[in-house]
Amino acid sequence: MAFPTSEQLSKYAKLAVQMGVNIQEGQALLINAPLEAREYVHHVVDEAYAAGAEDVQVNWADEVLTRKRYENEPLSVLENVPKWQIERVLGHAQDGGAVLNILAPNPDLLEGIDAERVAKANKARSEAMKDYKKYIINDKIQWSIVSVPTEKWAKKVFNTDNGEQAVNDLWEQIFSIVRVDQEDPIAAWKKHNETLFEIRDFLNEKQYDHLEYQSDYVDLTVKLPENHVWAGGGAVAETGASFNPNMPTEEVFTAPDYRGVNGTVKNTKPLNYNGNLIDDFELTFKDGQVVEMKAGTGEETFKHLLESDEGAKYLGEVALVPHSSPISQSDLVFFNTLYDENASCHLALGSAYPTNVQNGEKLSDAELNEIGVNSSIIHEDFMVGSADLTVYGVTANGEKEPIIENGEWAIPR
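Per my numbering, the sequence shown runs over residues 290 to 702.
Note that these hints are calculated values from the structure, not bench results.
We put the beta carbon where it would ideally sit given N, CA and C, even for glycine.
Treat the hints with caution; some may be incorrect.
[Unchecked claim] Estimated spans, in silico, between C-beta atoms of each pair:
no., residue 1, residue 2, range
1, G315, E416, 29 to 35 Å
2, E690, W373, 36 to 42 Å
3, E690, T355, 45 to 51 Å
4, N551, K409, 27 to 33 Å
5, I700, S295, 39 to 45 Å
6, I700, D505, 18 to 24 Å
7, I660, T510, 15 to 21 Å
8, A685, E440, 51 to 57 Å
9, K419, I700, 32 to 38 Å
10, R358, E416, 17 to 23 Å
11, E314, T684, 44 to 50 Å
[To be verified] Straight line, CA to CA, 16 Å or less: simulated EDC-like cross-link-like pairs of lysine to aspartate or glutamate:
no., residue 1, residue 2
12, K429, D384
13, K419, E581
14, K555, E571
15, K651, E527
16, K575, E501
17, K422, D654
18, K555, E405
19, K357, E400
20, K592, E571
21, K555, E581
22, K592, E405
23, K409, E599
24, K689, E501
25, K689, D498
26, K583, D569
27, K575, E599
28, K575, D508
29, K423, E650
With the sequences and hints as input, model every part of the structure.
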């Protein structure tokens with residue numbers, strides 16, 4: 290029997306369409322996908338039409354051509370983002386279309402390419418797509434991210450040369466983690482969201498003044514903005530439709546006051562940043578800013594990441610995940626932030642989600658900055674969770690209460 294089966298791919302596609310983007314009758318859908326995912330994309334398109342979607346478009350990516358482009362094009366071309374590319378996605382968002390991103394990263398795609406060259410190209414693209422990104426980070430439209438295996442990614446995860454077996458094993462892991470292996474994945478996701486909503490609501494009611502992180506990897510204090518909003522599980526777009534931005538997701542998250550972060554942090558999982566690995570790194574924060582960075586792998590890449598703009602040196606997200614999450618229990622490093630971030634408590638450098646403060650989606654960048662919400666052209670998660678991590682919530686009057694203790698939820702549930 291072929292693995293995955295057509296039935297399994299259809300279940301996964303239905304989950305992405307109905308719980309991921311939650312496509313609405315007559316709504317347009319843009320799918321961003323690698324060529325290797327074409328069989329799965331065919332199922333997604335079928336499910337989208339069955340759900341009433343109109344104008345379903347697929348934007349294909351080819352990683353072989355991507356690498357050739359970085360190897361051969363002059364920098365002036367790499368830094369130029371054609372207007373038609375911007376207008377395509379921006380116009381789609383302005384018209385209220387949904388976006389499904391199918392992620393299948395090759396962690397070593399750009400290994401050996403000059404880090405400065407990659408950084409300048411990424412910066413140019415991020416700046417060009419800034420208006421489009423606002424539709425995403427402000428939940429103006431439904432959007433979602435899912436992953437499918439590719440041979441190079443699977444071989445990296447399982448550290449093997451047996452590509453066929455690695456791909457099958459990674460499909461099995463993905464189906465388990467996103468609950469496709471259950472009889473009714475959509476019902477399972479609704480139940481899972483309710484669990485995250487309970488934790489989210491508890492933290493929103495508490496309105497802690499700041500968080501304190503303590504472990505062998507982290508000694509950090511993070512101030513929280515006034516009227517901050519914890520989120521997790523599903524979200525609701527301005528279109529009025531609920532959706533799940535990340536599949537999988539195990540996190541509840543909010544925005545820090547970017548000016549109030551102090552201490553040191555070491556990563557607990559590698560960071561795959563645009564086809565380059567960064568690992569064994571340590572950051573020191575003072576008054577919010579990264580004032581010292583060192584990395585065992587990918588230090589030059591990380592240096593360019595921090596230099597993307599002023600906001601790249603500050604935090605935009607704090608996210609809490611129990612160490613017992615299904616992804617953590619797999620004992621795998623996925624070299625894919627969508628998966629690895631949901632195995633571990635994590636932080637993000639760069640832009641915050643404006644929706645993580647009350648009425649933030651209605652505020653300008655200047656107004657958000659005034660209340661401590663960071664703005665940047667980047668948003669990069671990195672993992673800091675471990676079995677010995679304790680995270681305290683500290684109230685305005687100084688009372689310290691455990692939220693995460695020895696890696697697990699410590700709040701009443």
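Hint by hint, here is what the structure shows:
1. Taking the beta carbon of each, G315 and E416 are about 33 Å apart, inside 29 to 35 Å as hinted.
2. At roughly 53 Å, the beta carbons of E690 and W373 sit outside the given window of 36 to 42 Å.
3. Between E690 and T355 the C-beta distance comes to about 47 Å, which sits within the given range of 45 to 51 Å.
4. The supplied range of 27 to 33 Å is met by N551 and K409, whose beta-carbon atoms lie about 31 Å from each other.
5. At roughly 42 Å, the beta carbons of I700 and S295 sit within the given window of 39 to 45 Å.
6. For I700 paired with D505, a C-beta distance near 23 Å keeps the hint of 18 to 24 Å intact.
7. Checked against the hint of 15 to 21 Å, the pair I660 and T510 passes, with Cβ atoms roughly 19 Å apart.
8. Checked against the hint of 51 to 57 Å, the pair A685 and E440 passes, with Cβ atoms roughly 53 Å apart.
9. At roughly 37 Å, the beta carbons of K419 and I700 sit within the given window of 32 to 38 Å.
10. Range check, R358 to E416: about 19 Å between beta-carbon atoms, so the 17 to 23 Å window is met.
11. For E314 and T684, the Cβ-Cβ distance of about 46 Å falls inside the hinted range of 44 to 50 Å, so the restraint holds.
12. Among the hinted pairs, K429 with D384 is consistent with the structure: their alpha-carbon atoms are about 11 Å apart, no more than 16 Å.
13. Only pairs whose Cα atoms come within 16 Å are accepted, and K419 paired with E581 is rejected, the gap being roughly 28 Å.
14. Between the alpha carbons of K555 and E571 the distance comes to roughly 4 Å, so the proposed pair stays at or under 16 Å and holds.
15. At roughly 12 Å between alpha-carbon atoms, K651 and E527 fall within 16 Å of each other, so this suggested pair holds.
16. Straight-line distance between C-alpha atoms of K575 and E501 comes to about 15 Å, which keeps the hinted pair within the 16 Å bound.
17. At most 16 Å may separate the alpha-carbon atoms for a hinted pair to count; K422 and D654 meet this at roughly 13 Å.
18. Distance hint between K555 and E405 is unfulfilled; the C-alpha atoms sit about 24 Å from each other, more than 16 Å.
19. Our distance criterion of 16 Å between C-alpha atoms is met by K357 and E400, whose separation comes to about 12 Å.
20. For the proposed pair K592 and E571, the alpha carbon gap of about 12 Å is at most 16 Å, so the pair holds.
21. A C-alpha spacing of about 12 Å is found between K555 and E581, which places the hinted pair at or below 16 Å, so the restraint holds.
22. At roughly 9 Å between alpha-carbon atoms, K592 and E405 fall within 16 Å of each other, so this suggested pair holds.
23. A threshold of 16 Å between alpha carbons decides the hint, and for K409 with E599 the separation of about 15 Å falls inside it, so the pair holds.
24. Only pairs whose Cα atoms come within 16 Å are accepted, and K689 paired with E501 is accepted, the gap being roughly 9 Å.
25. Simply put, K689 and D498 have alpha-carbon atoms about 10 Å apart, close enough for the 16 Å limit, and the pair holds.
26. Between K583 and D569 the CA atoms are separated by roughly 8 Å; this keeps the pair inside 16 Å, and the hint holds.
27. Proposed proximity of K575 and E599 is supported: the alpha carbons are some 15 Å apart, at most 16 Å.
28. At roughly 12 Å between alpha-carbon atoms, K575 and D508 fall within 16 Å of each other, so this suggested pair holds.
29. Under the criterion of a C-alpha separation no larger than 16 Å, the hint pairing K423 with E650 is consistent with the structure, at around 9 Å.
Consistency note: the structure conflicts with the earlier hints numbered 2, 13, 18.
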